[in-house]
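Undergrad: Chains P and C are the protein sequences, given in the same order. Here this note's numbering is used: the first residue of the first sequence is 111, the next is one more, and so on. Here this note's numbering is used: the first residue of the second sequence is 346, the next is one more, and so on.
In short, the hints are calculated from the structure, not lab data. It should be emphasised that the depicted structure is a prediction, and the values quoted were computed from it without experimental measurement. Cβ atoms here follow ideal geometry from the backbone N, Cα and C, with glycine treated the same way. Don't take every hint at face value.
To be verified - Here are the computed lysine to any residue pairs in the SDA-like style, where the Cα-Cα straight-line distance is at most 20 angstroms:
no.	chain 1	residue 1	chain 2	residue 2
1	P	LYS206	C	THR557
2	P	LYS216	C	LYS494
3	P	LYS206	C	SER561
4	P	LYS216	C	LEU586
5	P	LYS212	C	ILE670
6	P	LYS212	C	LEU560
7	P	LYS206	C	ARG563
8	P	LYS212	C	LYS494
9	C	LYS494	P	ARG199
10	P	LYS212	C	THR576
11	P	LYS206	P	ALA243
12	P	LYS212	C	PRO583
13	P	LYS212	C	ARG563
14	P	LYS212	C	LEU586
15	P	LYS143	P	ARG199
16	P	LYS184	P	SER137
17	P	LYS212	C	TRP574
18	P	LYS212	C	GLN575
19	P	LYS212	C	PRO573
20	P	LYS206	C	LEU560
21	P	LYS216	C	ILE670
Said to hold, decoys possible - For each label pair, taking beta carbons as the anchor points, the in silico distance ranges come out as:
no.	chain 1	residue 1	chain 2	residue 2	range
22	C	LEU660	P	ASN316	33 to 41 angstroms
23	P	ASP342	C	PRO492	42 to 50 angstroms
24	P	VAL170	C	SER418	45 to 53 angstroms
25	P	ASP135	C	PRO492	42 to 50 angstroms
26	P	GLU258	C	PRO573	24 to 32 angstroms
27	C	SER493	P	GLN176	22 to 30 angstroms
28	P	GLY359	C	GLU411	56 to 64 angstroms
29	C	GLY398	P	THR358	51 to 59 angstroms
30	P	GLY359	C	GLN491	42 to 50 angstroms
31	C	PRO573	P	THR358	29 to 37 angstroms
32	P	VAL170	C	GLY420	45 to 53 angstroms
33	C	ALA504	P	VAL170	19 to 27 angstroms
34	P	GLY359	C	GLY398	50 to 58 angstroms
35	P	LYS360	C	PHE669	54 to 62 angstroms
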Amino acid sequence: MVKPQTVLETRNLTIRYGDSAAVIDVSLRIPAKTVTAIIGPSGCGKSTLLRALNRMNDLVSTVSVQGEALFHGKNLYASDVDPVELRQRIGMVFQKPNPFPKSIAKNISWAPLLNGYRGDVDELVEKSLRQAALWHEVKHKLNDSGLELSGGQQQRLCIARTLAMNPEVILLDEPCSALDPASTSRIEDLLVELAGRYTIVIVTHNMQQAARVSDYTAFLCDGRLVEFGPTDRVFTRPENSETEAYVTGKFG
Amino acid sequence: MMATMRCKAVAAAASMQATPPRDPALSGATAAPGRGDRVETAFSTQGVWTSRGLTRRHFINRFCAELFRACASLGLLMLALLLASICRDGMHWLDLQFLSSFPSRFVEKAGIKSALWGSCWLMGLTALFSIPVGVGAAVYLEEFAQPSKLNTFVEINIANLAGVPSIVYGMLGLAIFVRGLGFGRSVLAGAATMSLLILPFIIVASREALRTVPLSIRHAAYALGATPWQTVRGHVLPAALPGILTSIILGLSRAIGETAPLIMIGALTYVAFVPEGPLDAFTALPIQIFNWASRPQAAFHELAAAGIIVLLAALLSMNAVAVFIRYRFARKLKW
Ligand SMILES: Nc1ncnc2c1ncn2[C@@H]1O[C@H](COP(=O)(O)OP(=O)(O)O)[C@@H](O)[C@H]1O
Ligand SMILES: [Mg+2]
Numbered sequence: 111m112v113k114p115q116t117v118l119e120t121r122n123l124t125i126r127y128g129d130s131a132a133v134i135d136v137s138l139r140i141p142a143k144t145v146t147a148i149i150g151p152s153g154c155g156k157s158t159l160l161r162a163l164n165r166m167n168d169l170v171s172t173v174s175v176q177g178e179a180l181f182h183g184k185n186l187y188a189s190d191v192d193p194v195e196l197r198q199r200i201g202m203v204f205q206k207p208n209p210f211p212k213s214i215a216k217n218i219s220w221a222p223l224l225n226g227y228r229g230d231v232d233e234l235v236e237k238s239l240r241q242a243a244l245w246h247e248v249k250h251k252l253n254d255s256g257l258e259l260s261g262g263q264q265q266r267l268c269i270a271r272t273l274a275m276n277p278e279v280i281l282l283d284e285p286c287s288a289l290d291p292a293s294t295s296r297i298e299d300l301l302v303e304l305a306g307r308y309t310i311v312i313v314t315h316n317m318q319q320a321a322r323v324s325d326y327t328a329f330l331c332d333g334r335l336v337e338f339g340p341t342d343r344v345f346t347r348p349e350n351s352e353t354e355a356y357v358t359g360k361f362g
Numbered sequence: 346m347m348a349t350m351r352c353k354a355v356a357a358a359a360s361m362q363a364t365p366p367r368d369p370a371l372s373g374a375t376a377a378p379g380r381g382d383r384v385e386t387a388f389s390t391q392g393v394w395t396s397r398g399l400t401r402r403h404f405i406n407r408f409c410a411e412l413f414r415a416c417a418s419l420g421l422l423m424l425a426l427l428l429a430s431i432c433r434d435g436m437h438w439l440d441l442q443f444l445s446s447f448p449s450r451f452v453e454k455a456g457i458k459s460a461l462w463g464s465c466w467l468m469g470l471t472a473l474f475s476i477p478v479g480v481g482a483a484v485y486l487e488e489f490a491q492p493s494k495l496n497t498f499v500e501i502n503i504a505n506l507a508g509v510p511s512i513v514y515g516m517l518g519l520a521i522f523v524r525g526l527g528f529g530r531s532v533l534a535g536a537a538t539m540s541l542l543i544l545p546f547i548i549v550a551s552r553e554a555l556r557t558v559p560l561s562i563r564h565a566a567y568a569l570g571a572t573p574w575q576t577v578r579g580h581v582l583p584a585a586l587p588g589i590l591t592s593i594i595l596g597l598s599r600a601i602g603e604t605a606p607l608i609m610i611g612a613l614t615y616v617a618f619v620p621e622g623p624l625d626a627f628t629a630l631p632i633q634i635f636n637w638a639s640r641p642q643a644a645f646h647e648l649a650a651a652g653i654i655v656l657l658a659a660l661l662s663m664n665a666v667a668v669f670i671r672y673r674f675a676r677k678l679k680w
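Given only the sequences and the hints, what does the whole structure look like? Please build it.
TA: Following this line, the structure appears as structure tokens:
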């Protein structure tokens, strides 16, 4: 088997809010075109770590970053990196579905048009919605507001919107935590399907979800990376006792 | 090895079990101390809770409710009386001739044409100045400004400026626009002064409107590779627009009734022409009303009442538009 190429990497990454560290000395390599899950109890720094990968942390004024986060070997926090350009290549889906208060079609076409997309807009909308397994539910009402969809549909719309930018990496922060089980399993299926084409990093507090969708799993506790490896090994033969306790449901 | 785990969930679970919740019904029934002033009610056996003075508390509650109802009615009553007396005095003067004549020494021929047009000019120019500057400042402070000492200083002072008496703005306008910039006693100087007067209000209220747009919308746009300005332009401003429009209209409706700053900068009281450009002299509705009301003849007081009716109609319709916008869009946008 060929060793997979590393797309994202962190080296001794420490992230602080003011004086309190939320992510401490995390080093990890995320391979291309796989699903990597970040698991851990709530408040352990999963979202903070994820947001460091597309520099969404920049929006919080108290944040300071130490160490490196690399995208194709290039430090994201180097002075010549434009976070706006970076976020076009590394998309993000949030915990709570947040469609724009605009039509479904505009939700998808807004960002590509802004970034100089010159192709057929209708085609892009259809393609993105199909990829997000939403096309058949909304094809008759593309001009309805995105806010009129159900929660699960809204979240798939957000995924479609991200896909329309044709990113290389998609970051998802507990994308199913606000959804019912049926919507959750639809999104999980979708992620598995997308994994061949995109590099996906998903934060979840749901162990079954991590086990179902991910190829690699990182376990975080109190800001530290406790264990990282192929998902089946982390879940069946964890090297660390804390990981074992967590994945078997003893705490968290 | 499990003991080394320092994750909060464990501690939380442990502390839950350490103190089993007490059932108040059980503990209260046996441990009720005999207190003389206890009032027996349906729930009066529950431990430290007594129903002492409950009747009294209900009485105070009713008393306060009635008192405040009286206050509210008093305000409404006064307003109704005022309106009724103004309408009685002025209604019969209100006709097309009144709206389309210039002021005159003769009551029958006098009208508010120049004042009406003056107010229109004043409002138009005030809107032209205050909307872009007010909304721009609000967008900067809310969306772009990084927290710093200077910005906090600016913010606090803008909020304070909203409370400065309007005559002070009149003096400022006199010094800066009429004399300093040489606008003279023109409608331009009046509008510039009015803009200064309502800017703080527009800024504060527009910021309020911008703040109601959820952060998650901004995050969504940023995560798609939008710049802050594209985010504001594409999503935040459109979503905040109803609130911003409301604040603009309310600000302008304050400007239309202001008299003191206009007197201060020397708006003329007798104008028998319609301003044709921003540098023309002008009069405005409140000035004309003030002028008529300060004459000795009773007939002119009735003209003033008629002018007040026109001014109130303009004000009320502006407020109605603001209410309509708010109501209409508030229902459409549910986050
Ligand atoms: N904007 C913020 N400002 C200050 N502290 C924060 C902020 N966001 C998160 N934190 C803190 O950082 C720690 C990690 O948070 P987070 O990354 O959201 O954890 P998780 O996603 O694993 O639940 C928590 O202790 C949290 O209180
Ligand atoms: Mg989180």
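Undergrad: Each of the hints needs a verdict: does it hold here or not?
TA: Hint by hint, here is what the structure shows:
no., hint, verdict
1, P:LYS206 / C:THR557, "holds, 17 angstroms"
2, P:LYS216 / C:LYS494, "violated, 40 angstroms"
3, P:LYS206 / C:SER561, "holds, 8 angstroms"
4, P:LYS216 / C:LEU586, "holds, 19 angstroms"
5, P:LYS212 / C:ILE670, "holds, 18 angstroms"
6, P:LYS212 / C:LEU560, "holds, 16 angstroms"
7, P:LYS206 / C:ARG563, "holds, 13 angstroms"
8, P:LYS212 / C:LYS494, "violated, 37 angstroms"
9, C:LYS494 / P:ARG199, "violated, 36 angstroms"
10, P:LYS212 / C:THR576, "holds, 14 angstroms"
11, P:LYS206 / P:ALA243, "holds, 19 angstroms"
12, P:LYS212 / C:PRO583, "holds, 10 angstroms"
13, P:LYS212 / C:ARG563, "holds, 14 angstroms"
14, P:LYS212 / C:LEU586, "holds, 14 angstroms"
15, P:LYS143 / P:ARG199, "holds, 14 angstroms"
16, P:LYS184 / P:SER137, "holds, 15 angstroms"
17, P:LYS212 / C:TRP574, "holds, 18 angstroms"
18, P:LYS212 / C:GLN575, "holds, 15 angstroms"
19, P:LYS212 / C:PRO573, "holds, 19 angstroms"
20, P:LYS206 / C:LEU560, "holds, 12 angstroms"
21, P:LYS216 / C:ILE670, "violated, 24 angstroms"
22, C:LEU660 / P:ASN316: 33 to 41 angstroms, "violated, 58 angstroms"
23, P:ASP342 / C:PRO492: 42 to 50 angstroms, "holds, 47 angstroms"
24, P:VAL170 / C:SER418: 45 to 53 angstroms, "holds, 51 angstroms"
25, P:ASP135 / C:PRO492: 42 to 50 angstroms, "violated, 29 angstroms"
26, P:GLU258 / C:PRO573: 24 to 32 angstroms, "holds, 28 angstroms"
27, C:SER493 / P:GLN176: 22 to 30 angstroms, "holds, 24 angstroms"
28, P:GLY359 / C:GLU411: 56 to 64 angstroms, "holds, 60 angstroms"
29, C:GLY398 / P:THR358: 51 to 59 angstroms, "holds, 57 angstroms"
30, P:GLY359 / C:GLN491: 42 to 50 angstroms, "holds, 44 angstroms"
31, C:PRO573 / P:THR358: 29 to 37 angstroms, "violated, 45 angstroms"
32, P:VAL170 / C:GLY420: 45 to 53 angstroms, "holds, 46 angstroms"
33, C:ALA504 / P:VAL170: 19 to 27 angstroms, "holds, 25 angstroms"
34, P:GLY359 / C:GLY398: 50 to 58 angstroms, "holds, 53 angstroms"
35, P:LYS360 / C:PHE669: 54 to 62 angstroms, "holds, 59 angstroms"
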